[in-house]
Amino acid sequence: MTVALYLALISAVLLIISILLLTRAVGRASEAAVDNEKEVSLGFKEDALALEVSARIFNPEDLNFVATETSGQFAHTFREERTTLALGWLRHVRGQVRQLIRIHRRTVRVNSDLKPLDEFRLFFGFLLFQLMSGMLYCVIWVHGPVEAARVLEWSLQFAGKLRKIAEEAVSVATPVRAEIIKTDPRMSGGTKSS
Amino acid sequence: MHGEFKHADVEAARKDFQVRTLAKIPGDFARLVYLASTRDYNSGQYHHEGLARQFTEQVAREALASCHKDVFKRLALCSVRELVEELETYVGSTHLPALDMLSAWENLQPYRIAIPLDCSPLIARFFASNVKAALAILRFRQNLARPDRQFASQRQ
Chain Z
13 MTVALYLALI SAVLLIISIL LLTRAVGRAS EAAVDNEKEV SLGFKEDALA
63 LEVSARIFNP EDLNFVATET SGQFAHTFRE ERTTLALGWL RHVRGQVRQL
113 IRIHRRTVRV NSDLKPLDEF RLFFGFLLFQ LMSGMLYCVI WVHGPVEAAR
163 VLEWSLQFAG KLRKIAEEAV SVATPVRAEI IKTDPRMSGG TKSS
Chain P
175 MHGEFKHADV EAARKDFQVR TLAKIPGDFA RLVYLASTRD YNSGQYHHEG
225 LARQFTEQVA REALASCHKD VFKRLALCSV RELVEELETY VGSTHLPALD
275 MLSAWENLQP YRIAIPLDCS PLIARFFASN VKAALAILRF RQNLARPDRQ
325 FASQRQ
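So the sequence lines, in the order shown, correspond to chains Z and P.
Whatever position you read off the first sequence (first residue = 1), add 12 for the numbering used here.
Whatever position you read off the second sequence (first residue = 1), add 174 for the numbering used here.
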């Protein structure tokens, strides 16, 4: 009986703490959302420099130079720092994209000229970005930024090839479709003549 | 109209400061340290007596902030190899024993307060990491050049 009473009391206390934390978190989230909008314009000023810095983070030149000029232990620490920086950069980019989507969602709610197809495209692009950046995050975390840069380069080349194949397929499919439309009177809207 | 006029003033002050002051300082590292030293620790505002007298306090402040950002950007985008060269130039310009200066920089990390105020944390961290690496390389080279000193420091 006493144990059950203690458990009930602890549960009640935990519940109250959870409710308090949740209320505070919701309040903070709404405040942060307002602040985020203000920060977007400020953050983008730094983007050009952040982009140039990201090129350096993923560049193997510094890592190789430090490895040849210092001790193995320091080179290892430096490599770990670069990994942390690369992950930080990726989090920053993902945060910027999420902020943009959040702002877009807010603007879309009051927009009467909404184009569902464009919205679907954007949503699909966002999902793809989340997926790709999530994968990149894992590769950086496991192998470091230099290897991740190689994977990124390979995936970009692969994406380029896929796009080329898709474009070729579309260019082949278009005349065939046009031919079907031309010959099939039902599709062209004409009457069948024998 | 007033904004454009003010911008032209800041640009003039920038050029004047670059020609008269910054050009005479050897290397970007020394320039960065100098520019950071013109900034008040408490308010984060820049002050330069001569520039403020020639232009206005506000124009001088903005010109110094702009120069600081430029110099920092150049150093932040340097490779570690280039940063080592910059740091070597700076160490040479101080006329202090290299190992003493390297020890002070490794312990006090003054390069952390030489970063412009509105720099993003990611870039600041990247810069600090590169400077730390450049310092380690210089120390490594110094130790190789003076093995007796290295032995002494290891014994301590």
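No lab work stands behind these hints, which were simulated from the structure alone.
For clarity, every value in this text was computed on a predicted model and none was experimentally measured.
Treat each hint with caution, since some may be false.
[Stated by the list, open to error] Straight-line distance between alpha carbons at most 20 Å, and here's what the computed SDA-like set of lysine to any residue pairs gives:
id, chain 1, residue 1, chain 2, residue 2
1, P, Lys243, P, His222
2, P, Lys306, Z, His88
3, P, Lys306, Z, Thr95
4, P, Lys180, Z, Glu92
5, P, Lys306, Z, Leu112
6, P, Lys198, Z, Gln85
7, P, Lys180, Z, Pro72
8, P, Lys306, Z, Thr82
9, P, Lys243, Z, Ser83
10, P, Lys306, Z, Asn76
11, P, Lys243, Z, Phe86
12, P, Lys306, Z, Thr80
13, P, Lys306, Z, Thr89
14, P, Lys243, Z, Ala60
15, P, Lys306, Z, Asn71
16, P, Lys247, Z, Ala67
17, P, Lys247, Z, Ala87
18, P, Lys306, Z, Glu73
19, P, Lys198, P, Ser240
20, P, Lys247, Z, Ala60
21, P, Lys198, Z, Ala60
22, P, Lys243, Z, Ala62
23, P, Lys306, Z, Gly84
24, P, Lys306, Z, Ala87
25, P, Lys243, Z, Asn76
26, P, Lys306, Z, Asp125
27, P, Lys247, Z, Gln85
28, P, Lys306, Z, Arg91
29, P, Lys247, Z, Thr80
30, P, Lys306, Z, Ala60
31, P, Lys243, Z, Leu63
32, P, Lys180, Z, Thr95
33, P, Lys247, Z, Phe70
34, P, Lys247, Z, Ala62
35, P, Lys306, Z, Leu75
36, P, Lys243, Z, Arg68
Just to be careful, I want the Cα atoms of P/Lys180 and Z/Thr95 compared with a cutoff of 20 Å; is the pair within it? Since the Cα atoms of P/Lys180 and Z/Thr95 sit roughly 43 Å apart, the hinted pair is violated (cutoff 20 Å).
With the threshold set at 20 Å, check whether the alpha-carbon distance from P/Lys306 to Z/Glu73 stays at or below it. Satisfied, since the Cα-Cα distance of roughly 16 Å is no more than 20 Å.
Restraint check for P/Lys306 with Z/Ala60, where alpha carbons must lie at most 20 Å apart: With a Cα-Cα distance of about 24 Å, the restraint between P/Lys306 and Z/Ala60 is violated, given a limit of 20 Å.
Tell me if the straight-line CA distance from P/Lys243 to Z/Ala62 falls inside 20 Å. The hint holds at about 14 Å.
Tell me if the straight-line CA distance from P/Lys180 to Z/Glu92 falls inside 20 Å. violated (46 Å)
Below or equal to 20 Å on CA atoms is what counts here, so check P/Lys198 against Z/Ala60. Violated, at roughly 29 Å.
Hinted pair, alpha-carbon criterion (20 Å max): P/Lys247, Z/Phe70. Please report holds or violated. holds (18 Å)
Quickly compare the C-alpha distance for P/Lys306 and Z/Thr82 to 20 Å and report which way the hint goes. holds (12 Å)
Could you grab the alpha-carbon distance between P/Lys306 and Z/Gly84 and see if it respects the 20 Å cut-off? holds (15 Å)
Verify the proposed pairing of P/Lys306 with Z/Asn76, using a straight-line Cα cut of 20 Å. holds (16 Å)
Taken at face value, is the distance from the CA of Z/Gln85 to the CA of P/Lys198 at most 20 Å? Distance of about 39 Å is beyond 20 Å: violated.
For P/Lys180 and Z/Pro72, compute the direct alpha-carbon distance and say whether it is at most 20 Å. violated (43 Å)
The structure is inconsistent with the numbered hints 4, 5, 6, 7, 9, 11, 17, 21, 25, 26, 27, 29, 30 and 32, although it conforms to all the rest.
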